[in-house]
Amino acid sequence: MSDQLAAIDDALEAGAADHHDPLTRELQELALALRADAPEADPDFQRRLRGRVEAGFPKPASSRRPRWRRFTTPAFATGLVVLPLVLIAVVASGGGQSDQGDTGGGGGGSATLESGGGDAGPALETPDRALGKAGGLGTADRAASSAHGDVLPPDGGFAPGQRNRKIERSIGLELEMPVDQMARVAEQVTTVTNRHGGFVLSSSVSTGEESAGGDFELRIPSAGLRPALRDLAALADVRTQTQTGRDVTREHVTAKDRLQAARAERRSLLRRLELATTDEEAEAIRRRLDIVAGEINGLRSQLRGLRLRTDYAVVTVSLLPKDGDSGGGAGGSFDDALGDAGDLLVGVAGVIVRALAVGLPLGLIALLGWLVGRAVRRRQRESALA
Amino acid sequence: MDTSAARTYGVNEALVESVPLVAAAHSEGFAELYERTFPRVYAYVASLLRDRAAAEDVTSQAFERAYRKRRSYRPARGSTDAWLFGIARNAALDELRKRKRRAVLEVDPEDTASPTPEDHAELALRRETVRAALASLDAQERDLIALKFAGGLSNAEIARVLGMSESNAGTRLHRTITKLREACHE
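Residue numbers (my numbering), protein chains in the order written: chain Y, 1 to 386; chain Z, 1001 to 1186.
Just so you know, these hints were derived from the structure itself, not from any lab. Zero decoy hints are in this set.
Computed cross-link-like contacts, DSS-like style, restricted to lysine-lysine with a CA-CA straight-line distance of at most 27 Å:
(1) Z:Lys1069 to Y:Lys59
(2) Y:Lys166 to Y:Lys256
(3) Z:Lys1098 to Y:Lys59
(4) Z:Lys1098 to Z:Lys1069
Which chain Y residues stay away from chain Z? Per the calculated CB distances, all over 12 Å, these:
(5) Leu80
(6) Asp257
(7) Glu265
(8) Leu306
(9) Trp370
Think of the CB as a built atom: it goes at the ideal place given N, C-alpha and C, for glycine as much as any other residue.
Using the sequences and the hints given, assemble the complete structure.
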C-alpha cells in the first residue's frame, strides 16, 4: 500500500506514470487524470482576490461593525455573566468570613485556636474569626490553653453519633484597647452579655492612667455563646483567647440514672409501707425513706448544678490597656505597621483565593462548554459530507 | 489544465519552509502564501462545491478568514498549507450546509471543465470515466480525493486537515483510489 502511495506521489511530482507494475501504473495514471481534471479559477477572480489580499481585505464602510456591537460577542456576554457571579461570591464570602456567623471585622485572618491535645475531642476552629482583628496576635498568644482539648464545638453537634452531650465551657478573653476607650468597652461588655441572654456575675473596672484595666466574669447561654463571643471580640483587639471544655455527660447520665433509681425505690418503699403489718417494719421503712429522700434531693441538686454549668458558659473578660497606644492616632510603631501590612497581605490573599475558588470552577465549566461547542460545530460541519 | 509551479507536488514542503511562518503574520508574507496556494485552494473548494460562483465566494472567504486569523497560526500544529486548507474546508462545509447543496453535489455535479473541441477523444473519454467513477464515491471519499489531487496536499497535511493520523489518512486514501480505479472499470 505504502509503495503504491509513494508511486502515486512520484507520478504527481514527475507528471508521468512510469511504474513497471501495471496496477501501480494504472493508479499513477488515475492520479494524474484526477489532478488534470481539477477545476481552474477564472483569472479575473484571481486578480480581484489578489487585489483584496494586497489591500489587506478592507471592509466596506457599510459592513463595518459598529463599536457597540463588540459588546455583543459571546465572550463579552460570558464575561458579563461570570464577572458579577465572581464578585457576588467574593462579597458573599465577606472578605474573609466563614459561615459560622463571623463579622469579619478586620484583618481577615482566621484564628484557629489549638486545643491542648486532650483526648476528649478534636481541635476545633474558633467560632470567631473576628478575633483575628487582634493585630499583633502572635502564634504563641493564640495557642489556647485548653485543659481538656475539647473547646467549642461547631454548630450542630460536637461528637458525631452521640447526642445531648453535656459540655462545661470556660472562655477567657483578653481585650486590649486604649485607656480612653476602656470605660466604653466595659459598658459594652455588659450590653453584649445582656443582649445574648447572659448575665454579669462579677465585674471590676478601673480607668485610671496608672492602673487601667477591668475584669468581668460572665455567664452566657451556651446556645448563644458563639455570637456572643464574636460580639465581645469585636469590641476591641483580642490579645489572647483561651477556651476550655469538659465533657460531663457521664456525670449527668449517672446522676440521672441514680435519681430514677432512687425515685423507684421510694415508690417501692411507699407501697411496702402501706402493707407493713408491724410497727417495727413500718419504722424501718420510714428510716429508709428518709435516706432515699435525702439522696433524691442531693441528686436533684447535682443535676441542677450540672445543668447550670452546661447551659451557661463561664466567660472571663479582661480589659487591658494597649501598650504605647494613645488612642488610635494615625501614627504607630514599625511593628504595628509591619503587622498591618501583614494583615493586609493576608486579606488580599484571602480575596484572591476566594475569587479563584469561584472563578476556577466557572472557568472549567466555560472551557468544557467551549470544547463541547467546538465538537458539536465540527460534527455539524462534517454532517455536510455525511 | 494548468499545472503551474504552484502545483509542483513534492516541492510544497520546500516552499513551506521557504515562507517563514511568522511572515504569514504580515501582509507581504500572506500575499506570497496567496500566490502559492490560490490555484490549489480554489481547485479543492470547487471540487467540493461543484459550483463556480459558490467556489469563488468560499475561496474568497477562506483567504479572508485566514488573513484575519493569521496571528493564530502555530507552526507546531502543522504547515501553513494544512492550516489554510483547514480553513477553506470549514468554509466549504459551512457553505454546503447553508445552501443544502449536498443533494446537488451528489446528483448534479457541474461540468467545470468541459472538454474542448481540441481535446482528444481518448482524453475526453478518460475524463468522463473518471468523473463517473468519482460520482460513485461518497462525499467523504470525494473530499479526500479533492484534498489530495486538487489541493495537492501531502498525506501528513491531509491528516492534519481531517484530524486523523497520517497512517490512517494514507490507508483511507489508498482504499479510495483503489475503489475509484475499480469504479473506472465498471
